[in-house]
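Turn these sequences into a full structure, and let the hints steer you where they fit.
Residue numbers (numbering that gives the first Met the number 0), protein chains in the order written: chain A, 0 to 212; chain B, 0 to 362.
FYI, nobody ran anything at the bench for these hints, they're computed from the structure.
Since we're looking at a predicted model, the values are computed, not measured.
Do not rely on the hints blindly, as some may be mistaken.
As the list claims (entries may be wrong) - Derived coverage of chain B by chain A (criterion: at least 3 residues anywhere in the stretch with Cβ under 8 Å from a Cβ of chain A; other residues may be distant):
1. 51-57
2. 60-73
3. 92-99
Said to hold, decoys possible - Subject to a maximum C-alpha distance of 30 Å in a straight line, what follows is the list of computed DSSO-like cross-link-like pairs (lysine-lysine):
4. LYS41(B) - LYS212(A)
5. LYS149(A) - LYS116(A)
6. LYS212(A) - LYS79(B)
7. LYS145(B) - LYS123(B)
8. LYS145(B) - LYS335(B)
9. LYS79(B) - LYS123(B)
10. LYS145(B) - LYS342(B)
11. LYS214(B) - LYS227(B)
12. LYS123(B) - LYS227(B)
13. LYS41(B) - LYS123(B)
14. LYS212(A) - LYS362(B)
15. LYS227(B) - LYS212(A)
Virtual Cβ for every residue (Gly too), placed ideally from N, Cα, C.
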Amino acid sequence: MRTVLCYGDSNTHGQVPGGTLLDRYPYPQRWPGVLARELGSDWYVIEEGLSGRTTVRDDPIEGAIKNGRSYLRPCMMSHAPLDLVVIMLGTNDLKARFNQPASEVAMGIGCLVHDIKELLPGPRGSCPEILVVAPPPMLDDIKEWEQIFKNAPPKSRELALEFEVIADSLEVHFFDAGSVVGCDPLDGFHINQRAHEGLGVALAREVEAIGWK
Amino acid sequence: MPDMRFAPPNPLRIADRATGLNSVSVRSYNERLVLSLLLQNKSTTRLEIGERTGLSAQTVSVLVRSLEHEGLVALGAALKGRVGPPTVPIELNPEGAYSVGLSVGARQTDVVLIDFVGAVRFHKTFANPAITPGSNHTQFLETIRKAVALLPEKERLRLAGVGMALPHSASDGQDEEAYFIALQQEIEEQLGIAVFVQNDVTAAASGESMFGVGKSLTDYMFFYLGAKLHGRLILNHQIHNGNSPVSFDVGIAALERELARDGRSVDALWDRSGTWPDRDEIIQMWEARLVDEMLRSLAGVSQFVEFESVVLSSYAPYSVCEDICLNLEAACPSIKAIASNLKPSPKAVGAASLPFSSRFMVK
Numbered sequence: 000m001r002t003v004l005c006y007g008d009s010n011t012h013g014q015v016p017g018g019t020l021l022d023r024y025p026y027p028q029r030w031p032g033v034l035a036r037e038l039g040s041d042w043y044v045i046e047e048g049l050s051g052r053t054t055v056r057d058d059p060i061e062g063a064i065k066n067g068r069s070y071l072r073p074c075m076m077s078h079a080p081l082d083l084v085v086i087m088l089g090t091n092d093l094k095a096r097f098n099q100p101a102s103e104v105a106m107g108i109g110c111l112v113h114d115i116k117e118l119l120p121g122p123r124g125s126c127p128e129i130l131v132v133a134p135p136p137m138l139d140d141i142k143e144w145e146q147i148f149k150n151a152p153p154k155s156r157e158l159a160l161e162f163e164v165i166a167d168s169l170e171v172h173f174f175d176a177g178s179v180v181g182c183d184p185l186d187g188f189h190i191n192q193r194a195h196e197g198l199g200v201a202l203a204r205e206v207e208a209i210g211w212k
Numbered sequence: 000m001p002d003m004r005f006a007p008p009n010p011l012r013i014a015d016r017a018t019g020l021n022s023v024s025v026r027s028y029n030e031r032l033v034l035s036l037l038l039q040n041k042s043t044t045r046l047e048i049g050e051r052t053g054l055s056a057q058t059v060s061v062l063v064r065s066l067e068h069e070g071l072v073a074l075g076a077a078l079k080g081r082v083g084p085p086t087v088p089i090e091l092n093p094e095g096a097y098s099v100g101l102s103v104g105a106r107q108t109d110v111v112l113i114d115f116v117g118a119v120r121f122h123k124t125f126a127n128p129a130i131t132p133g134s135n136h137t138q139f140l141e142t143i144r145k146a147v148a149l150l151p152e153k154e155r156l157r158l159a160g161v162g163m164a165l166p167h168s169a170s171d172g173q174d175e176e177a178y179f180i181a182l183q184q185e186i187e188e189q190l191g192i193a194v195f196v197q198n199d200v201t202a203a204a205s206g207e208s209m210f211g212v213g214k215s216l217t218d219y220m221f222f223y224l225g226a227k228l229h230g231r232l233i234l235n236h237q238i239h240n241g242n243s244p245v246s247f248d249v250g251i252a253a254l255e256r257e258l259a260r261d262g263r264s265v266d267a268l269w270d271r272s273g274t275w276p277d278r279d280e281i282i283q284m285w286e287a288r289l290v291d292e293m294l295r296s297l298a299g300v301s302q303f304v305e306f307e308s309v310v311l312s313s314y315a316p317y318s319v320c321e322d323i324c325l326n327l328e329a330a331c332p333s334i335k336a337i338a339s340n341l342k343p344s345p346k347a348v349g350a351a352s353l354p355f356s357s358r359f360m361v362k
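Rendered as structure tokens:
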């Protein structure tokens with residue numbers, strides 16, 4: 000049996016667009032659940048989606064617990080051995096409080112990839128396969144989030160290219176979620192149930208295409 | 000050692016580093032490995048690429064994505080296997096690259112334009128160009144220009160180059176390889192297009208391996224039936240002893256003499272329309288002598304290597320080649336003789352395969 004860790008933010012957690020932190024799609028409708036269904040019983044899918052998670056940044060407002068880098072190591076150690084780590088992060092790094100361009104967010108993804116390669120949580124201490132997923136770009140209308148994500152939508156459209164550059168140079172798998180799904184207009188940056196379904200199916204095909212012996 | 004992890008990444012995606020096919024940038028060895036697999040097999044998978052190249056799954060993923068961005072490969076629909084996960088076939092994109100091939104024959108020059116999977120998009124036959132005194136190459140320039148003009152404007156950027164197949168006699172007593180290299184450089188300089196020159200029989204053999212019935216064969220004996228009979232040995236997909244000038248005078252020129260002696264018309268023999276004279280006694284006797292000569296070659300080669308397949312290529316009609324193959328198999332039951340299906344001019348298609356092998360494959 001193979002194990003995949005899905006490491007992400009609210010869009011991995013399954014937060015309902017336009018809802019509150021308490022509104023979460025049930026497991027079979029969240030993309031990790033869809034991925035599990037598509038991959039079948041040979042795969043164990045671990046969900047690790049936290050609302051507000053950044054790549055490598057301590058959030059001065061929401062707290063250091065949202066830093067994706069500090070939690071990734073203990074998280075991988077608890078779930079090792081991992082055959083595959085899927086990382087879909089980056090949207091929260093675009094909050095005005097961090098004031099970062101897309102390229103810096105991609106550098107953050109690069110840090111996470113280095114941390115995985117250093118920890119080696121794969122089978123027999125090997126390096127697991129790493130799949131970097133660029134989050135779907137935000138819509139221009141992000142409703143009441145406009146101030147928190149000031150100037151973020153145009154930057155969010157640059158994430159896919161910047162992430163692919165990092166994935167290429169670090170030689171890891173890459174997938175652009177924006178190529179199959181978009182965000183829901185209810186809040187402009189969360190994905191709805193249909194998008195979870197589409198993303199889960201598309202990622203399952205990506206996972207299979209890696210080619211497992 | 001300083002910590003290199005946080006240096007800025009290369010500012011371009013791998014896919015963006017090559018700016019179209021005509022850039023001089025050298026394709027990476029790993030990309031060539033992947034493209035070689037695809038040019039040798041109809042389709043492959045990332046798993047298979049990894050197994051056959053020893054590259055990691057992540058490296059293969061980056062390479063395939065880059066080739067896909069560049070338009071050289073396309074992903075097929077996932078195939079559900081009986082066991083295991085579905086596999087996603089990776090294939091060459093037919094419109095990913097084009098190549099022009101010229102074959103200069105005894106009487107005429109055949110020009111083809113092929114796509115990345117070897118399908119002939121255009122074919123024209125020109126009269127052989129007249130040699131301009133004092134020049135090595137001007138007789139080819141106009142023909143090459145005409146050939147390149149066959150390609151629609153927007154596809155010119157995807158032209159991998161021009162391949163030329165010349166008979167051994169073209170080098171006119173000079174060292175063939177040196178002559179071809181000099182010719183290649185002169186034409187490239189004049190036209191600014193990548194040009195590859197090769198012996199015509201060797202070119203036909205490489206075309207057969209890349210696009211013809213030889214694709215699935217690792218080792219085989221290749222015969223080309225032109226005015227004379229020529230042979231090449233293919234071992235592990237490599238054409239052995241490339242440019243041998245040895246040929247046997249039992250080819251179509253010999254048949255022409257026989258028919259002429261009998262006062263019969265011989266025009267049909269040199270015509271590409273595919274209708275030859277009826278298979279009468281003269282033709283049958285010629286075929287028998289031809290098969291004898293092929294058997295002698297096979298007997299000689301089989302002292303050193305074992306092979307099970309023979310491919311016969313010719314611009315003669317397919318039915319004639321099939322007859323000869325049947326006779327050969329009857330005389331030597333241990334081998335399988337296959338008539339080439341490369342049409343309309345195996346040498347020109349072979350010439351067109353040269354830019355692909357030079358630019359996209361590992362040596």
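Hints and how they fare:
no.	hint	verdict
1	51-57	holds (count 3)
2	60-73	holds (count 4)
3	92-99	violated (count 0)
4	LYS41(B) - LYS212(A)	holds, 22 Å
5	LYS149(A) - LYS116(A)	violated, 34 Å
6	LYS212(A) - LYS79(B)	holds, 16 Å
7	LYS145(B) - LYS123(B)	holds, 10 Å
8	LYS145(B) - LYS335(B)	violated, 40 Å
9	LYS79(B) - LYS123(B)	violated, 43 Å
10	LYS145(B) - LYS342(B)	holds, 20 Å
11	LYS214(B) - LYS227(B)	holds, 25 Å
12	LYS123(B) - LYS227(B)	holds, 23 Å
13	LYS41(B) - LYS123(B)	holds, 27 Å
14	LYS212(A) - LYS362(B)	holds, 29 Å
15	LYS227(B) - LYS212(A)	violated, 51 Å
Hint check: violations occur at hints 3, 5, 8, 9 and 15; the rest are consistent with the structure.
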